[in-house]
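If you read the sequences in order, they're chains A and B.
So for the first sequence, the numbering used here puts the first residue at 1; every next one is plus one.
So for the second sequence, the numbering used here puts the first residue at 1; every next one is plus one.
To be clear, the hints were calculated from the coordinates, so they are not data collected in a lab.
We put the CB at the ideal spot given by N, CA and C, even for glycine.
Please note that a few of the clues may not be correct.
Each pair of labels, with its calculated beta carbon distance range [stated by the list, open to error]:
id: 1; chain 1: B; residue 1: Glu-65; chain 2: A; residue 2: Leu-22; range: 54 to 62 angstroms
id: 2; chain 1: B; residue 1: Glu-233; chain 2: A; residue 2: Leu-108; range: 56 to 64 angstroms
id: 3; chain 1: A; residue 1: Leu-299; chain 2: B; residue 2: Ala-27; range: 53 to 61 angstroms
id: 4; chain 1: B; residue 1: Glu-59; chain 2: A; residue 2: Ala-153; range: 54 to 62 angstroms
id: 5; chain 1: B; residue 1: Phe-112; chain 2: A; residue 2: Leu-22; range: 25 to 33 angstroms
id: 6; chain 1: A; residue 1: Thr-243; chain 2: B; residue 2: Glu-186; range: 52 to 60 angstroms
Short derived list, chain A residues pointing at chain B, Cβ under 8 angstroms [stated by the list, open to error]:
id: 7; residue: Gln-187
id: 8; residue: Asp-197
id: 9; residue: Asp-207
id: 10; residue: Arg-286
One letter stands for each residue in the lines below.
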Amino acid sequence: MARARAVLRSVLPFLVGLPILLAVQALSPPDYTLILVNVGVNVILAVSLNVVNGFTGQFSLGHAGFMAVGAYTAAKITLAFSGVQLAFLPEAVSDQLVFALALGASMLTAAAAGFLVGMPSLRLRGDYLAIVTLGFGEIIRSLIENMKFLGQATGLSGLPPYTNIAWVGVSAIATVVMARRLAVSTQGRALFAIREDEVAAEAMGVDTTGYKVRAFVISSAYAGLAGGLIAHAILLTTPRMFTFVRSIEVVVMVVLGGLGSITGSVVAAVVLTVALEGLREFQQYRMVAYAAGLIVLMLLRPQGIFGTRELWDLAPFRRLPRPRPFGGRASTGPEGASPTAVRDDSTHGGRP
Amino acid sequence: MIPLHVKSVTMRFGGLKALSSFSLSLAPGELVGLIGPNGAGKTTAFNAITGVYRPSEGEVVVAGEVVNGQRPHQICARGIARTFQNIRLFRELSALDNVRIACHAGARTGFFDALLLTGRHREEEARILERAERYLEVMGLSHRRGEIARNLPYGEQRRLEIARALATGPKVLCLDEPAAGMNAAEKLELMALIRDLRDRFGLAILVIEHDMRLVMGVSERVLVLDHGVTIAEGKPEAIRKDPKVIEAYLGDAYLEEKHIERPAGPGAHP
Chain A
1 MARARAVLRS VLPFLVGLPI LLAVQALSPP DYTLILVNVG VNVILAVSLN VVNGFTGQFS
61 LGHAGFMAVG AYTAAKITLA FSGVQLAFLP EAVSDQLVFA LALGASMLTA AAAGFLVGMP
121 SLRLRGDYLA IVTLGFGEII RSLIENMKFL GQATGLSGLP PYTNIAWVGV SAIATVVMAR
181 RLAVSTQGRA LFAIREDEVA AEAMGVDTTG YKVRAFVISS AYAGLAGGLI AHAILLTTPR
241 MFTFVRSIEV VVMVVLGGLG SITGSVVAAV VLTVALEGLR EFQQYRMVAY AAGLIVLMLL
301 RPQGIFGTRE LWDLAPFRRL PRPRPFGGRA STGPEGASPT AVRDDSTHGG RP
Chain B
1 MIPLHVKSVT MRFGGLKALS SFSLSLAPGE LVGLIGPNGA GKTTAFNAIT GVYRPSEGEV
61 VVAGEVVNGQ RPHQICARGI ARTFQNIRLF RELSALDNVR IACHAGARTG FFDALLLTGR
121 HREEEARILE RAERYLEVMG LSHRRGEIAR NLPYGEQRRL EIARALATGP KVLCLDEPAA
181 GMNAAEKLEL MALIRDLRDR FGLAILVIEH DMRLVMGVSE RVLVLDHGVT IAEGKPEAIR
241 KDPKVIEAYL GDAYLEEKHI ERPAGPGAHP
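Assemble the whole structure, with the sequences as input and the hints as a guide.
Shown next as structure tokens:
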């Protein structure tokens with residue numbers, strides 16, 4: 001029973017999201033598809049970076065580097081499989097399968113890159129960490145720029161157009177679900193503890209270095225996913241797409257939405273991406289307006305739109321585990337019973 | 001098994017000897033006070049024990065195992081918990097979460113369990129929640145569970161820090177000036193609480209304290225540090241009359257005035 005409920009909870013966001021995404025995909029004019037893909041990719045990037053910068057409080061500036069690793073991995077795989085049709089499968093299914101494989105591989109390689117970069121650099125704090133991650137991001141990019149089999153400065157082009165709104169949407173939902181589960185888990189609380197006070201966290205038994213590396217690896221994996229998606233949307237991947245300017249764009253989204261707030265990152269990613277598109281007709285004044293908007297917002301609300309809170313925290317009711325009687329029975333009994341009991345109270349309490 | 005045995009630990013910072021040949025042995029259930037004037041090396045001793053510093057010389061033995069050079073979280077896992085002189089709570093998190101984080105140390109699940117929401121993970125969360133609630137209740141903080149730590153009154157913040165330390169499941173509890181900033185009534189309450197914790201959990205407790213009345217009232221044995229040197233050790237009554245201790249605290253002018261003979265030995269200053 002509990003097992004079935006857990007499985008249902010896992011697939012529910014996708015069950016709800018997928019039909020909507022498919023509808024959007026079918027209805028949206030082709031001009032908007034790329035914008036929507038961009039929105040989704042930026043949501044993935046911002047939410048995943050928030051795990052490091054917001055949850056754990058470590059300032060990383062190297063997100064674009066991991067994105068590049070993912071983009072090139074996925075591109076290499078889909079190029080290798082282009083023209084190959086997997087046995088017994090219709091072409092469309094075969095293509096989707098190859099793409100899924102490519103995205104999975106891009107997450108793995110980006111995670112591995114995150115591990116290699118994170119191990120030495122996460123011993124540093126604050127500004128030093130920011131500079132080191134910035135450096136590593138640039139190293140990854142210049143390595144790619146000098147590798148012949150990755151196309152050097154011209155990159156890889158002619159990628160198959162696999163990315164669609166459904167793929168991006170499902171990936172974005174997966175990223176949000178990941179971040180949310182982390183935020184309400186004991187592992188996530190250990191990350192918050194590192195953000196709040198590293199010395200105290202260590203003294204309370206949290207392996208701070210180990211946890212920082214884990215957060216960094218998870219975050220990198222999702223950056224790799226975003227890279228794989230964007231590469232198959234614009235059908236090419238070049239080193240110039242992954243400069244530190246890209247990293248900083250993502251950091252801006254995270255800070256603007258509120259460090260530590262998942263919904264904040266989502267909202268900021270959507271708003272900023274759409275705003276930049278919307279301002280396109282003003283041409284050279286576009287970036288001025290963008291920057292001015294950022295400055296105004298940071299002056300008025302330095303903690304970001306949501307601070308560390310979530311959208312639903314702003315509602316009058318609070319979500320906290322309910323208290324249980326001291327020395328209570330085995331854990332399943334009271335847990336199963338108390339929420340319904342509380343709900344009953346609130347529905348019947350007001351009636352005469 | 002002796003839960004904590006410190007064998008002549010010396011801490012050097014450049015040319016400064018902050019602690020020299022500090023030795024201490026804690027029996028299970030023992031309550032020991034560590035006193036000394038400002039800058040005597042009390043907190044340095046704590047930091048050397050809990051792994052914040054690596055001792056320059058000597059050994060820290062926890063439950064029969066040398067822990068020199070281990071990281072603080074490893075030493076914490078071996079059963080040494082501490083509070084901090086200047087409160088170091090996770091300020092922006094709720095009281096409950098502060099304690100739940102300390103319960104995390106023994107968690108048998110990892111990030112994959114959390115992301116996949118496995119059955120093991122849910123059991124672990126339930127267990128942690130129950131433990132955390134219990135320690136909040138022990139420290140009389142149940143009504144504050146949802147409150148952000150930074151918003152708690154000062155005395156409750158101190159108590160929350162102790163609850164958090166207890167939640168790591170220690171055998172030795174190190175309290176660094178738990179009564180700092182408390183009024184007389186709160187201090188009395190704290191004394192009773194410290195004794196109660198010892199009896200209830202069978203803990204060995206090491207207390208750093210400035211307040212003489214509190215430390216003399218609560219400890220069975222007192223160590224006195226001055227300039228990093230242990231100048232006296234013994235029962236509170238004996239410590240109170242020890243001329244070396246009086247000199248360290250009040251200066252030799254006081255001794256002359258009271259016609260007490262000046263002490264000789266390692267703790268005396270020229």
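Taking the hints in turn, this is what the structure says about them:
1. One distance hint, 54 to 62 angstroms for the beta-carbon pair Glu-65/B and Leu-22/A, holds here, with the actual separation near 60 angstroms.
2. Between Glu-233/B and Leu-108/A the CB atoms are about 59 angstroms apart, so this pair conforms to the stated range of 56 to 64 angstroms.
3. For the pair Leu-299/A and Ala-27/B, the beta carbons lie near 60 angstroms from each other, so the given range of 53 to 61 angstroms is met.
4. A C-beta distance of roughly 58 angstroms is found between Glu-59/B and Ala-153/A, which places it inside the suggested range of 54 to 62 angstroms.
5. Between Phe-112/B and Leu-22/A the beta carbon distance is about 30 angstroms. The supplied range of 25 to 33 angstroms therefore holds.
6. Between Thr-243/A and Glu-186/B the beta carbons are some 58 angstroms apart, a value that agrees with the proposed interval 52 to 60 angstroms.
7. Hint on Gln-187/A holds. Least Cβ distance to chain B is approximately 5 angstroms, under the 8 angstroms limit.
8. Look at Asp-197/A: its Cβ gets to within about 5 angstroms of chain B, closer than 8 angstroms, so that hint holds up.
9. Annotation: interface hint on Asp-207/A holds; nearest CB of chain B at approximately 5 angstroms, less than 8 angstroms.
10. With a cut of 8 angstroms, the hint placing Arg-286/A at the interface with chain B is violated, because the nearest CB-to-CB distance is about 36 angstroms.
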